[in-house]
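Visitor: Going down the list, the sequences are from chains A and B.
Take the first sequence: its position 120, counting from 1, is numbered 109 in our numbering, and each next residue is one higher.
Take the second sequence: its position 85, counting from 1, is numbered 402 in our numbering, and each next residue is one higher.
Rather than coming from a laboratory, the hints here were simulated on the basis of the structure.
Hints should not be assumed to be uniformly reliable.
[What the hints assert, rightly or not] Computed footprint of chain A on chain B; a stretch qualifies when at least three of its residues, placed anywhere within it, have a C-beta under 8 Å from a C-beta of chain A:
id : region
1  : 338 to 346
2  : 350 to 359
3  : 366 to 373
[Stated by the list, open to error] So these bits of chain B aren't anywhere near chain A, every CB distance computed over 10 Å:
id : residue
4  : Lys407
5  : Leu462
6  : Leu533
7  : Gln567
8  : Asp589
C-beta: ideal position from N, C-alpha, C; glycine also.
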Amino acid sequence: MTFSIFHQLDNWARNLAPFALTMLSLIIGNMPLHLPYFVPLGISLPMISVYYWAIHRPGLLPAPVVFLVGLIGDLMGAAPLGVGTLLLLLVYAVALSQRRLFFGQPFLVVWWGFMMIAAGAMSLGWILSSIVGGGALDPKPTIFAYLMTLALYPALGDLFARAQRSFLRSA
Amino acid sequence: MNLRGGSAVRLASAKAWLHRGTFVLLFGAAFALMVLGKADTPLIERARVSVIDALSPIMEGLAKPIASVRQLYDNARDFWSLREQNASLKADQERLLEWQTVARQLQAENDALRAMLRLVPEPSATFVTARVVADNGGAFVRTVLVTAGLRDGVRKGSVAMTGEGVVGRVAEVGEHSARVLLLSDISSRIPVTIERTRDQAILAGDNSDNPRLLYLPHGSALTPGDRIVTSTAGGAFPGGLPIGQVVAIQDGVPIVQLFVAWDRLEYLRLVDYKLPGVLQSGAGKLQ
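Based on the sequences and whatever the hints tell you, model everything.
Guide: So this is what it looks like as structure tokens:
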């Protein structure tokens, strides 16, 4: 009896891993890294996390949770409210709809998918922020942010894969 | 068999509908948020403040190891250049001593002149120093979070500075955290004076590292090297705080370089000059 309760609790905690990792990537993405010559670039780590889990374990990161993470990110970042939320949802929805295409594929294919989807999301983000901000923003930071996010995908994706193997093996 | 297959299909399609419904609802909510955010209601500001208040202790905890690694690196680097630094510091000290004499003379003269004029003394400023725990700088916005808030005497409109110059203004204050809107943010507009010519202008951020100067008077001839300082117009800043300098003129447009090193914002001084600023008096209402 007690065993089964603990077992359930354990399972439940393990299943929180995708959400916890997405939140952690949100917080870490907002940290000042103080690297020399490194201006804030607006790398979107949660975008990587949402894409990864949408393909590998969408059941553990449902759409309302993605919305919540986006909302917290928007409130934290003082960016135009709703824009980040919309982008995360979009990445999630597109990745989920193309899941069959990417699931179980070699890493390069999955990365290529992220490249495409993130490009669309970032461009839309730039357009929406320009509309909300009332004037075309300088596109350069967005392009840098996109390239940096793209470059970080392999490292983060690998980390998530390790987490998935160690936390969610039994589930 | 057939029946079971049919109900499974029906169940699957019902699930798909529910799924689609959730997405439509959530996308709608995100759009609603955008409209709501544009309206800038106090409700949203309160939500923002409580989120940063809740998350700032976590971020502070996470920031500490990063800070110590960085300190180690800085120490090692300083150690290698000890001799050069020492020489340059000695030269600096000599130069500064001369300036100190000049400053003392000027201070005395200033005091004497003020006494003659019966000038009303300006209210004295108070300040706190706070650690930067998050830079939400990015493609769309330029702000940082600091670990001091209402509890520590930070007010909306307080001026954020480093030793080099003005960084920005406090835009939102929580109980123990605050958000500083940097001068480079697209919504930052502050009145400035060109130190040499005394021309007034508005320094407008555009999310790039080089803010623009708006509303310069016609025929104002700026040259590279002109210093830009705060202006008292609008009552948001005391005059004369260093901001940046003109580094080049491109097609008649001055390019401004700020004095602040953006990659090294670790601690900020938040100064409350007790001015009847624009921000305290409600949105968009000038005094």
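Visitor: Which hint numbers does the structure go against, in order from smallest to largest?
Guide: Of the numbered hints given earlier, the structure breaks just one, which is hint 5.
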